Amino acid sequence: MPSLKITRKVFILVVILACNTVWSVADTNPSSDQHIHIAGSQSVMVVGDEPDADTDSEQRLKAKNIIDRLLQNYTRQNSPHGDKPTTVQLGIYINSFYSISEQTMDYSVNIYLRQEWFDPRLQYNKSEIGRNKDCVKLEDKIWEKLWVPDVFFRNEKKADFHHVTIPNRFINLYPSGKLWYVMKISATLSCMMQLQKYPLDTQICPMMLESFGHTMKTVVFKWLVNKSVESTDELSMPQFVLIGYPTRDCSKNYTTGSYPCLQVDFILRRDIGYFIIQVYIPTVLIVILSWVAFWINTEAIPARVSLGLLTVLTMTTQSSGAGQSLPRVSYIKAIDVWMSVCLIFVFASLLEFA
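Residue 40 in my numbering sits at position 40 of the sequence shown, and the numbers go up by one each step.
These are computed hints drawn from the structure, not numbers from a lab. Computed from a prediction, not measured in an experiment: that's the story for all the values here. One or more of the hints may lead you astray.
Unchecked claim - Below, computed lysine-lysine pairings styled on DSSO-like, alpha-carbon distance capped at 30 Å:
1) LYS217 to LYS252
2) LYS84 to LYS126
3) LYS227 to LYS197
4) LYS84 to LYS178
5) LYS217 to LYS227
6) LYS84 to LYS217
7) LYS145 to LYS133
8) LYS158 to LYS141
9) LYS222 to LYS126
10) LYS157 to LYS141
11) LYS158 to LYS62
12) LYS64 to LYS157
13) LYS126 to LYS62
14) LYS157 to LYS145
15) LYS217 to LYS145
16) LYS145 to LYS197
17) LYS157 to LYS197
18) LYS184 to LYS157
19) LYS84 to LYS145
20) LYS222 to LYS141
21) LYS137 to LYS64
22) LYS141 to LYS126
23) LYS64 to LYS158
24) LYS252 to LYS62
25) LYS137 to LYS184
26) LYS227 to LYS178
27) LYS178 to LYS145
28) LYS333 to LYS157
29) LYS158 to LYS145
30) LYS137 to LYS62
31) LYS197 to LYS141
32) LYS184 to LYS62
33) LYS252 to LYS157
The task is simple: from the sequences and hints, build the whole structure.
This is how it looks when you write it as C-alpha cells:
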C-alpha cells in the first residue's frame, strides 16, 4: 500500500509537470495562433484578388489586341478624314512663367499643350474594353505610329519636352475615335516689348500655335471649348502680374498655301514696387540733398562745390544703372524722362551757385 501511494503521487506529479510544460510553451509563443490566422486571412485575400488581377490583365490584353487590330492597315501619313479637313482643338494649361527678359525680348513658360481630334479609323466597340473604362491609354511612343497634328510655336526661340522620370506626354483613345493628346513643354518665345512707358508699362506677349506642314485644306485649328487657356492658382512672377490672355486667329498665307494658326496674348502688367524702392525714392532724396546747398553759407565754397558735384555724379550713376538691364532702343522711355528731369534739377542747383 505505501508503494501504491508513492506510485500514485509520482504519477500525479508527472501529470502536473507535463501540463506546466505545455502551458509554458504556449506562453513563450503567444502569437503562433495569431500568425496562423493572419497568414490564413492573407491567403484568402490573395485568392480573392486573383479574379480582379486576372480581369485587369485581361483588360490590358484586350486593349493591346484592340490597338494591334486598329493599326494593321493604318497609315499615319494619311489624314484621318481623307480629303476633308480634320478639326484639331487646342488648349493650354500654364504651369509657370519663369523668365521675362527685356534685354533679349523674350519670355519662358512651362505649359501643358492639349490636343483633341477624331480619327474614324480608330473607332472600336466600348464593350471590348469593359464597362468600367471609358478610354484606352495608349503606350509610350505610340504617337510615332499614329497621325498627330504637327503643331509648332511660330515665335519660338527654344523649346524642350520633359523626360523625367518618364516622357511627360500621353494619348487616350476613346471608342468614338477621339484622341486626347497632352504633352508638357518648356519654351522660350519671342516677345517684342514696347518700352516707351517703362517701368509703368503693360506688355502683350504672344504664343502662336501653327501647323508646320498641313494647310487649311487638311487641318483646321480651334480652341477647346471652355478650356482654351487655363492657369494654375499659384501662378506668380517677380515683376509682372498676368491680368488676361485673350485668344485670336493668326492663320497666315505662305507660298505653299494658307496654314492654320491660333494665338494667345498674355497681358503682363509690370509691378512698380521694385522701382519705387530702388529708383524713385533714391533719386528724389538726391535732388533734395542737392538743395541743401542753398542753406550753406556762400563763402563755404569747398562745401557747396563738393555737394553739388557729388549729387551730379550720383544722379549720373543712378541713370546709367537704371537702363543697364534694358536693350539699346532708339526711343525715349518714361524712366529716361524721370532721370533727365532729376539730373537737370541737380545740375541747376550747382549752376545757381556758380
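Evaluation of the provided hints:
Straight-line distance between C-alpha atoms of LYS217 and LYS252 comes to about 13 Å, which keeps the hinted pair within the 30 Å bound. Taking the CA atoms of LYS84 and LYS126, the gap is about 26 Å. The hint holds against a cut of 30 Å. Between the alpha carbons of LYS227 and LYS197 the distance comes to roughly 33 Å, so the proposed pair goes past 30 Å and is violated. The hinted pair formed by LYS84 and LYS178 meets the criterion: a straight-line CA distance of about 17 Å does not exceed 30 Å.
Restraint check: the Cα-Cα separation between LYS217 and LYS227 comes to about 25 Å, which is no more than 30 Å; the hinted pair holds. Distance hint between LYS84 and LYS217 is fulfilled; the C-alpha atoms sit about 7 Å from each other, no more than 30 Å. Among the hinted pairs, LYS145 with LYS133 is consistent with the structure: their alpha-carbon atoms are about 23 Å apart, no more than 30 Å. For a cut-off of 30 Å, the pair hint linking LYS158 to LYS141 stands: about 22 Å separates their Cα positions.
For the given pair, LYS222 sits about 27 Å from LYS126 by alpha-carbon distance, which is consistent with the 30 Å threshold. Distance hint between LYS157 and LYS141 is fulfilled; the C-alpha atoms sit about 25 Å from each other, no more than 30 Å. With a C-alpha separation of about 40 Å, the suggested pairing of LYS158 with LYS62 is violated against the 30 Å cut-off. The straight-line distance between the Cα atoms of LYS64 and LYS157 is roughly 39 Å, outside the 30 Å bound, and the hint therefore fails.
For the suggested pair LYS126 and LYS62, the alpha carbons sit about 11 Å apart, so the restraint of at most 30 Å is met. Restraint check for LYS157 and LYS145: the C-alpha separation of about 28 Å stays at or below 30 Å, so the hint holds. Taking the CA atoms of LYS217 and LYS145, the gap is about 23 Å. The hint holds against a cut of 30 Å. For the suggested pair LYS145 and LYS197, the alpha carbons sit about 51 Å apart, so the restraint of at most 30 Å is broken.
Note on LYS157 and LYS197: the hinted pairing holds, with a Cα-Cα distance of about 26 Å set against a maximum of 30 Å. For the hint linking LYS184 to LYS157, the alpha-carbon distance of about 17 Å falls within 30 Å, and the restraint holds. About 21 Å separates the Cα atoms of LYS84 and LYS145, which keeps this hinted pair within 30 Å; it holds. Restraint check for LYS222 and LYS141: satisfied, since their Cα atoms lie roughly 25 Å apart, inside the 30 Å limit.
The suggested pairing of LYS137 with LYS64 holds, with an alpha-carbon distance near 10 Å, which does not exceed 30 Å. For the given pair, LYS141 sits about 24 Å from LYS126 by alpha-carbon distance, which is consistent with the 30 Å threshold. Our distance criterion of 30 Å between C-alpha atoms is broken by LYS64 and LYS158, whose separation comes to about 36 Å. Simply put, LYS252 and LYS62 have alpha-carbon atoms about 44 Å apart, too far for the 30 Å limit, and the pair is violated.
A hinted pair counts as satisfied when its Cα atoms are at most 30 Å apart, and LYS137 with LYS184 qualifies at roughly 17 Å. In summary, the hint linking LYS227 to LYS178 is supported, as the alpha carbons are separated by about 17 Å, within the 30 Å threshold. Taken as a hint, the LYS178 and LYS145 pair is honoured in the structure, with Cα atoms around 16 Å apart against an allowance of 30 Å. In summary, the hint linking LYS333 to LYS157 is supported, as the alpha carbons are separated by about 26 Å, within the 30 Å threshold.
Proposed proximity of LYS158 and LYS145 is supported: the alpha carbons are some 26 Å apart, at most 30 Å. Distance restraint check for LYS137 and LYS62: the Cα-Cα separation of roughly 12 Å lies within the 30 Å cut-off, and the hinted pair is therefore satisfied. Annotation: proposed proximity of LYS197 to LYS141 is violated, straight-line Cα distance about 48 Å (limit 30 Å). For the hint pairing LYS184 with LYS62, the CA-to-CA distance comes to about 29 Å; that is within 30 Å, so the pair holds.
This hinted pair checks out: LYS252 and LYS157 have alpha carbons roughly 19 Å apart, not beyond 30 Å.
Violated hints, in rising order: 3, 11, 12, 16, 23, 24, 31; the structure is consistent with all others.
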